[in-house]
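Undergrad: Here's the letter readout for the chains.
Number of protein chains: 2
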Amino acid sequence: MKAVDRILDLGRKVDPVIMEFLERNADRDFIPVLRHQIESGGKRVRATLTLLSCAATGGSVKDGLIPAAMFELVHNYSLIIDDIIDRGEVRRGVETVRKKFSEPMALLAAMFYRETLDEMAEEAHSSPEIRRLMRETIKELIEGERRDILFEQAGRESPYVESLRMSDVSFREYLEMIGKKTAALFKASCLAGGYASKAPRPFLDALNEFGWKIGLAFQVMDDYLDIFGEKTGKERGKDIREHKLGNIALLHALIDLDDEGRKALKEILSKTQVTEMDVVSALTLIEGTDSRSKTIELAKKLVEDGKASLKALPETDAKADLMAIADFIYERLY
Amino acid sequence: MKAVDRILDLGRKVDPVIMEFLERNADRDFIPVLRHQIESGGKRVRATLTLLSCAATGGSVKDGLIPAAMFELVHNYSLIIDDIIDRGEVRRGVETVRKKFSEPMALLAAMFYRETLDEMAEEAHSSPEIRRLMRETIKELIEGERRDILFEQAGRESPYVESLRMSDVSFREYLEMIGKKTAALFKASCLAGGYASKAPRPFLDALNEFGWKIGLAFQVMDDYLDIFGEKTGKERGKDIREHKLGNIALLHALIDLDDEGRKALKEILSKTQVTEMDVVSALTLIEGTDSRSKTIELAKKLVEDGKASLKALPETDAKADLMAIADFIYERLY
Chain A
37 MKAVDRILDL GRKVDPVIME FLERNADRDF IPVLRHQIES GGKRVRATLT LLSCAATGGS
97 VKDGLIPAAM FELVHNYSLI IDDIIDRGEV RRGVETVRKK FSEPMALLAA MFYRETLDEM
157 AEEAHSSPEI RRLMRETIKE LIEGERRDIL FEQAGRESPY VESLRMSDVS FREYLEMIGK
217 KTAALFKASC LAGGYASKAP RPFLDALNEF GWKIGLAFQV MDDYLDIFGE KTGKERGKDI
277 REHKLGNIAL LHALIDLDDE GRKALKEILS KTQVTEMDVV SALTLIEGTD SRSKTIELAK
337 KLVEDGKASL KALPETDAKA DLMAIADFIY ERLY
Chain B
37 MKAVDRILDL GRKVDPVIME FLERNADRDF IPVLRHQIES GGKRVRATLT LLSCAATGGS
97 VKDGLIPAAM FELVHNYSLI IDDIIDRGEV RRGVETVRKK FSEPMALLAA MFYRETLDEM
157 AEEAHSSPEI RRLMRETIKE LIEGERRDIL FEQAGRESPY VESLRMSDVS FREYLEMIGK
217 KTAALFKASC LAGGYASKAP RPFLDALNEF GWKIGLAFQV MDDYLDIFGE KTGKERGKDI
277 REHKLGNIAL LHALIDLDDE GRKALKEILS KTQVTEMDVV SALTLIEGTD SRSKTIELAK
337 KLVEDGKASL KALPETDAKA DLMAIADFIY ERLY
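So the protein sequences, as listed, match chains A and B.
Count along the first sequence from 1, then add 36; that gives the number in this note's numbering.
Count along the second sequence from 1, then add 36; that gives the number in this note's numbering.
Derived from the structure by calculation, the hints contain no laboratory data.
No experiment lies behind these values; they were computed from the predicted model shown.
Please note: incorrect hints may appear among the correct ones.
One copy or two, either will do: identical chains are not told apart, so a pair holds if it fits within one copy or between any two.
[To be verified] DSS-like mimics (lysine-lysine), calculated; alpha carbons at most 27 Å apart, straight line: (1) K135 with K307; (2) K136 with K307; (3) K135 with K79; (4) K337 with K274; (5) K270 with K135; (6) K270 with K79; (7) K274 with K330; (8) K336 with K307.
Bound conformation, chain A alone (with noise of 0.2 Å):
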């Protein structure tokens, strides 16, 4: 875990870049406002891709930090976004920008924080590809957010919302939700890291690939984490709280309950106020099935899968560090 944490350090040279270009032209009272998603925490894992994704290809610090920065700070904006959405009260231990600052000044630095991408994307090495790469990327994750809605079992007072909700998703849908909303950043952070470095075709497929199935594994590691995680500083079970069946270890626990046990546990989802009591039962009828078991494996094969991607690659340093967080993500685990 040390080894991860010193890797990781290399994402933190975005946090002055982001800073920076935030506090252009920004009015004094609303610079507080834009500054706390960002000191708020975080691992920096996309910035860190980017910029090693481009060391594996040649590039140089100085090229990758732009596009670095750029794509921290779109992960920062979904964040703000979500909160919103989910009605977030504390993210990594402190209040969220919507908690802290109000609802409509969280919505303001969002849209803050739009406009400063596109002045990044300006600065950037590669500009049009790394602009066109970003545009798609947070339409990706507005389509992954909106499904992600829609895979609710209830909490939306809006009959449109309950009009289109989904009550059974099946592993393709569920895949299909988390590419856009998760893995399409990490492909996006990676492949900006090849096109910082004017990276070969093959390097910026084998990057795009890696990027990819990491950011799935990301992804069902974080929803193993919600059902099965403990001590993660996180309280268990908030998907079953906000009523989310695009969890993967709900689906794999609802394929293996019997009828009756499946009924349960999607009553619960389905219920408008989920007590303590509710989570404990489902979490109890989840473990009474192989869901943990197979989303550990599940998670492992795409990490591994995501490293033989890598192949393609020059033995270096940077790639080393690549693999070593592919590595991390699987072992968040213990």
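Assemble the complex: chain A is given as a structure, and chain B must be docked to it using the hints.
TA: Chain B only, in chain A's frame:
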């Protein structure tokens, strides 16, 4: 008025362009959400300004079409956000996006609009200039909206907002706020038309000044109609209900009122719940001052200034139409 309707028909040319861009890569189920804001009406003033500004400086409709669509879409982007911030339920006589499709869907639609704007910018003529103009304009909108919120006297339960709330607003502060909230987009809509026709600097300056002045006039008239308007289809005194001190008719009244009247009016604006009786009392207080005539005079002067700044442009039908739009802004009075 008939003549102005005919002129504004020009702006409707952007509707199919906006729809085509919005529907690119959008999920089928998301399309009704994306279409609603555009289909729910609007006069297409901004698109018309871009197309006329382009024509008045020698460009064709083809040159100006995408820029016109862009600035009209920026406007609609800001309206979706405004309705989220002000919890708006009805706009132009129909349900707002957030009311009809839920707040998360409205938010995602707004984000999608922003990415669509980037796609449009990529295809627009003089792309880098227009993209920069759009970005700077959206940043102005954000700051204008932020200040408008800080000029409210109640209604946001947020220690942060309360700590920055301004209980006195000067004319200068008011003009800065509406400059950002409204006039910046009018200015940009005109300037974009000039960019699209590749107009020389003196023409760009003229369009810039024209857009700025009539944009200010437009907001002054909006404020006027909110307080004094009849048969506008909107409820009178919405700004009073929403605790907004950033309304020139209110500011004019506060200057004219004696200490007692001023105190009474400010107390109403600061009430957590403004009743219909309160609105009537406030309107009566305002009617007893010179606010009505002063506000009209201000709008008239701004419109005249705007028209004067078009002097530099050759006499064309398009210029005459720009003049007619300027007059229309002022004549919304009657």
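Undergrad: All hints, please: hold or fail.
TA: Hints and how they fare:
1. K135 with K307: both (25 Å within a copy, 23 Å between copies)
2. K136 with K307: between (29 Å within a copy, 23 Å between copies)
3. K135 with K79: within (22 Å within a copy, 37 Å between copies)
4. K337 with K274: within (25 Å within a copy, 58 Å between copies)
5. K270 with K135: Classified as within: same-chain Cα gap 17 Å, cross-chain 33 Å, threshold 27 Å.
6. K270 with K79: within (15 Å within a copy, 49 Å between copies)
7. K274 with K330: Classified as within; 20 Å inside a copy, 57 Å across copies.
8. K336 with K307: neither (33 Å within a copy, 58 Å between copies)
When each numbered hint is compared with the structure, a violation occurs for hint 8 only.
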